[in-house]
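Enquirer: If you're matching them up, the sequences are chains A and B in order.
Take 10 as the starting number for the first sequence in the numbering used here and just add one per residue.
Take 0 as the starting number for the second sequence in the numbering used here and just add one per residue.
Hints may contain errors.
Stated by the list, open to error - So, partial list: chain A residues that the calculated Cβ filter (under 7 angstroms) puts toward chain B: (1) G51; (2) F82; (3) A87; (4) I89; (5) S91.
Stated by the list, open to error - Distance ranges between label pairs, derived from CB positions: (6) D47(A) to N73(B): 18 to 28 angstroms; (7) T4(B) to I22(A): 12 to 22 angstroms; (8) E24(A) to I53(B): 23 to 33 angstroms; (9) R100(B) to A87(A): 33 to 43 angstroms; (10) S80(B) to G62(A): 28 to 38 angstroms; (11) N73(B) to N14(A): 31 to 41 angstroms; (12) A119(A) to D70(B): 23 to 33 angstroms; (13) E67(B) to T77(A): 34 to 44 angstroms.
These are calculated hints, taken from the structure and not from any lab test.
Remember, it's a predicted structure, so these values are computed and weren't measured experimentally.
Every residue, glycine too, gets a C-beta built ideally from N, C-alpha and C.
Next come the chains, spelled out residue by residue.
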Amino acid sequence: GQQLNQSPQSMFIQEGEDVSMNCTSSSIFNTWLWYKQDPGEGPVLLIALYKAGELTSNGRLTAQFGITRKDSFLNISASIPSDVGIYFCAGVSGTYKYIFGTGTRLKVLA
Amino acid sequence: EPEVTQTPSHQVTQMGQEVILRCVPISNHLYFYWYRQILGQKVEFLVSFYNNEISEKSEIFDDQFSVERPDGSNFTLKIRSTKLEDSAMYFCASSDVGEIRQFFGPGTRLTVL
């Protein structure tokens, strides 16, 4: 089946540092999404990417849709303690079938 | 802001029993989804549902699973004969027509003993 691998699996960073994480797949997707999941809650959409090469920002978050359509990255600038959580990429396949990545667990040290 | 709700928040059942997980999607949304997340693992797509029929389903969504929209507001996931490995968080989500953005519910934690 389709798999999305995220790296790193987890990371500890100091408050104020920039964070970078990526997501790769062996399959092509036409839409890439980035979600954040807080403990005990459902995922919340952060950024949606619709075109290869697209670079989109949402506040301190920036994400890019790779030109091969098989990868994406997410950057968080000037991290703050509330950025802690699990970040998932997701590719949309077919008609409304969302494949989630393995997740990157972020911990921010104040 | 409208939100997706799910009941119960936690369900404990014996292996082999049937369970029904309930969701109330956002009222004007027409696409509905179920996902599961085994503790500490990734979110796995189960099924999408539109116009009273399944649009897509994953390999996980076998004959033990079924979905239904019994009335104008509820969307249910039934597991006919639960197995130990069905223990997970089950998330419902909904989206509007033409919208990629899904809104997730808070989840139901299913524990199979």
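Enquirer: Please write out, lowest number first, the hints stated earlier that are contradicted by the structure.
Expert: 2, 3, 4, 5, 7, 8, 9, 10 and 12
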